[in-house]
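Residue numbers (this note's numbering), protein chains in the order written: chain A, 10 to 432; chain B, 10 to 432.
These are calculated hints, taken from the structure and not from any lab test. There may be inaccurate statements among the hints.
What the hints assert, rightly or not - Simulated crosslink set (SDA-like; lysine to any residue; CA at most 20 Å straight-line):
no. : chain 1 : residue 1 : chain 2 : residue 2
1   : A       : K32       : B       : L153
2   : A       : K100      : A       : E74
3   : B       : K15       : A       : A336
4   : A       : K339      : B       : T37
5   : A       : K274      : B       : R282
6   : A       : K15       : B       : E328
7   : B       : K14       : A       : E328
8   : B       : K391      : B       : Q155
9   : B       : K330      : A       : P38
10  : A       : K274      : B       : N410
11  : B       : K347      : B       : N410
12  : B       : K330      : A       : K46
13  : A       : K339      : A       : R322
14  : B       : K14       : B       : K50
15  : B       : K339      : A       : K330
16  : A       : K330      : B       : R322
17  : A       : K14       : B       : R56
18  : A       : K15       : B       : D409
19  : A       : K32       : B       : K391
20  : B       : K330      : A       : H36
21  : B       : K330      : A       : R322
22  : A       : K46       : A       : A88
Stated by the list, open to error - What the simulated footprint calls covered on chain B by chain A, stretch by stretch (three residues with Cβ under 8 Å from a Cβ of chain A suffice, anywhere in the stretch; the number is not a length):
no. : stretch
23  : 130–142
24  : 299–309
25  : 316–327
C-beta atoms are modelled at their ideal positions from N, C-alpha and C, and glycine is treated no differently.
Letter by letter, the chains look like this.
2 protein chains.
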Amino acid sequence: MSQQKKLNIGLFGFGVVGEGLYKVLEHTPTLNAQIKKVCIKHPEKKRNAPATLFTTDAAQLLDDEDINVIIELIDDAEAAYRIVTTALRSKRAVVSANKKMIATHIEELIALQQKHDVPFLYEAACCASIPVIRNLEEYYDNDLLQGIRGIVNGSTNYILTKVFCEQVSFDEALLQAQIAGFAESDPSLDVEGIDAVNKLSILLTHAYGILSSPNALLHTGIQSLHKQDAIYAKEKGYEIKLVAQAHKLHDGSIAAFVLPQFVAKDDQLSTVRNEYNGVIIESSLADKQFFYGKGAGGFPTASAVLSDLSALRYNYRYEYKKLNYQAPSKLGNDFYLKVCVSFKGLLQVPHERFDQILEWSSNEKRCHVTGIIHFERLIEDKWWKQPGISIVLYPDGIIDNYEPRKNELEYAGLDFVEQEVGI
Amino acid sequence: MSQQKKLNIGLFGFGVVGEGLYKVLEHTPTLNAQIKKVCIKHPEKKRNAPATLFTTDAAQLLDDEDINVIIELIDDAEAAYRIVTTALRSKRAVVSANKKMIATHIEELIALQQKHDVPFLYEAACCASIPVIRNLEEYYDNDLLQGIRGIVNGSTNYILTKVFCEQVSFDEALLQAQIAGFAESDPSLDVEGIDAVNKLSILLTHAYGILSSPNALLHTGIQSLHKQDAIYAKEKGYEIKLVAQAHKLHDGSIAAFVLPQFVAKDDQLSTVRNEYNGVIIESSLADKQFFYGKGAGGFPTASAVLSDLSALRYNYRYEYKKLNYQAPSKLGNDFYLKVCVSFKGLLQVPHERFDQILEWSSNEKRCHVTGIIHFERLIEDKWWKQPGISIVLYPDGIIDNYEPRKNELEYAGLDFVEQEVGI
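The task is simple: from the sequences and hints, build the whole structure.
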């Protein structure tokens, strides 16, 4: 019915994703898309494609008027930013998978799309093969979105699966993830939750029309989780997952953060293993929906890029509808979290910063304190980010209607722990 | 960015879905959509809306030039067909949830959309709240779709969950499903797999561009499943689910059918319980994706209708791209199934129609024969549809590269069963 556009592609980067994309396009003539030129950084590397396809000169792609689509699949976020903005300014459609670059510059990138009236698609930037961005854009375009919870980083989930289900050591699991090719080249981006919070920031834009720098969102990763935390979790029938979430509060504002979370066996996030991703979307009408798929790796990412290409043929673009709502959503900080803090006996965990202590336990290896703490206090405080201290959110750990009620008995409980372990 | 259209709605039907939709629209002004008139069949029923809203005269909606969207949410497929076709001919956008009507008339409905250049959306017709149609349309627009497997009927899945996990009797479970409001008013539509095959037929159109009458697709439901089948399944570590599936074969043709299937615990379909639906989409790039959500009931259906409304504001329409491929997909029958047939000893199950018997067991209550059978023979034969005989597909039960190899030893095995149980 609609006129399909022939896509002449200029591709930046020829790593796992780029090469995968090249192969698929060669075998899929119906897509009516062709890679005209590939810009690479290292011409000396052997490539599985004709040498004439490659150049090290970006201008050969960006100045070629035949090329109507730029695909950017490089690792370097700053170079990616220059490529994407230059391409948008020259009125070319752009596809990117660079979540860090997109999350950091989203406001400017939206403005460029509007100013130059060109589409910029990046489905691959969130959960790779799971079509979560387009679904949030297209399917949940109403005020009824209660929340999103997701495992959005395949690399940390791979590590947690190996560590907690297969008793592999943390370092060994990280090495395996890197060999398998779905850890970032800088593993701290994965492990410290930075990749996850970049994705959360993009999801917030498409889910709620919120523009927030990822750095402004509370986040931590799995870097401080301790073996004893896994044992503690198992005793309670939980696993630990790194969960990015956004949740609509009573007052209509949105709670958003990335924290490790205890996940019960009947929670669908517990079925998400290894490098897979999973996202649960809750809306007041549809109840709970769950999307699951490969969130990392060359082919799943290429698959999302391909679907963006396919959408471009029909002039699809994100409309960022929720940014234009009469009353756009805002981030909210006025709620409580139920968390488990784990630490060695000698570390200072300031229990006076908790609103309530619910449970504690300790042995010679580790103390575990379960309590309720105001979200704003977590943002202000730094103690829980110190090495040796880990923090894990409980299931349903966002408490929106909590009545603070400190009492001495509870403190007495904690003091007892401190005596026992010799603080 | 894009100009939003004001939607003036004429609604047919004010049951659970219609009333839910009315309430949500009242509370969601940002949708810029308003129900102008509701056509109902029974004016004597008490309604939770102003009396002036209602009429029993369809013409009051269909002839009103102010009304630019017709939503059809009635139970009667023939009346729905008349409403939808009349509305499309008068160049109004139409939203429907009537899978039976859509599956039966899809070819004509596509032609009407093209002829009159109007959108007809029906996301609610497949898996209610799961955005599967639009995802297949938009996201898997390439030749890489390996297959779809789904639990697409919430009512039978509710019954199977109750019967197999909670030891409720079949009749009691059906009654519960009807009381809960997610069984069709004619339960045989659910129980005999008719609703599921209607949905499969719609999915085939959007996944592969195949137009097939649902009656032409092999299907059965859960009507003949026996308690002993559940016991047999459990012994093997399986559950039984009613699964609709389409699978790309070696030669590029598509195997498609609805059959009960043994589902292993590590299959994500086993996590789909009660009235929920779940769909697994396999593509050669993205590997496996899983979509899960409520597939029946008033609010989930209203949610899908709402998302169609939301899409209409932006002039979205299905493009049926895959129908226009150079080489559209075709249904294929040249493959084998590995099935378990269960029956009472005295029934005639013609074992010569199997290509191979792999396993048999029998006790005083039931015989179970596992074998391999050509799909075309199942289409030709009627024996497996007789009362008292049930058929269940094995996991990975589609065998695309089977070498037939009948031998006497296997027959001897089956003869032995027959002697034992006194056939």
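Outcome of the hint check:
1. A:K32 to B:L153: holds, 12 Å
2. A:K100 to A:E74: holds, 10 Å
3. B:K15 to A:A336: holds, 19 Å
4. A:K339 to B:T37: holds, 18 Å
5. A:K274 to B:R282: With Cα atoms ~14 Å apart, K274 (chain A) and R282 (chain B) stay inside 20 Å; holds.
6. A:K15 to B:E328: holds, 17 Å
7. B:K14 to A:E328: Within the cut-off at roughly 14 Å; holds.
8. B:K391 to B:Q155: violated, 30 Å
9. B:K330 to A:P38: It holds: about 14 Å lies between the C-alpha atoms, which stays within 20 Å.
10. A:K274 to B:N410: Given that 20 Å is the threshold and the Cα spacing comes to 38 Å, the pair is violated.
11. B:K347 to B:N410: holds, 12 Å
12. B:K330 to A:K46: Measuring from Cα to Cα gives roughly 28 Å; hence the hint is violated.
13. A:K339 to A:R322: The given pair, whose Cα atoms are some 34 Å apart, is violated under the 20 Å limit.
14. B:K14 to B:K50: violated, 30 Å
15. B:K339 to A:K330: Distance ~39 Å between K339 (chain B) and K330 (chain A) Cα, so the pair is violated.
16. A:K330 to B:R322: holds, 11 Å
17. A:K14 to B:R56: It is violated: about 50 Å lies between the C-alpha atoms, which goes past 20 Å.
18. A:K15 to B:D409: Violated - the C-alpha atoms of D409 (chain B) and K15 (chain A) are around 36 Å apart, more than 20 Å.
19. A:K32 to B:K391: Violated: K32 (chain A) and K391 (chain B) sit about 46 Å apart, past 20 Å.
20. B:K330 to A:H36: Roughly 18 Å separates the two Cα atoms, so the pair holds.
21. B:K330 to A:R322: This hinted pair holds, its Cα atoms lying about 11 Å apart.
22. A:K46 to A:A88: Within the cut-off at roughly 18 Å; holds.
23. 130–142: holds (count 4)
24. 299–309: Answer holds; 7 residues pass the 8 Å Cβ test.
25. 316–327: holds (count 6)
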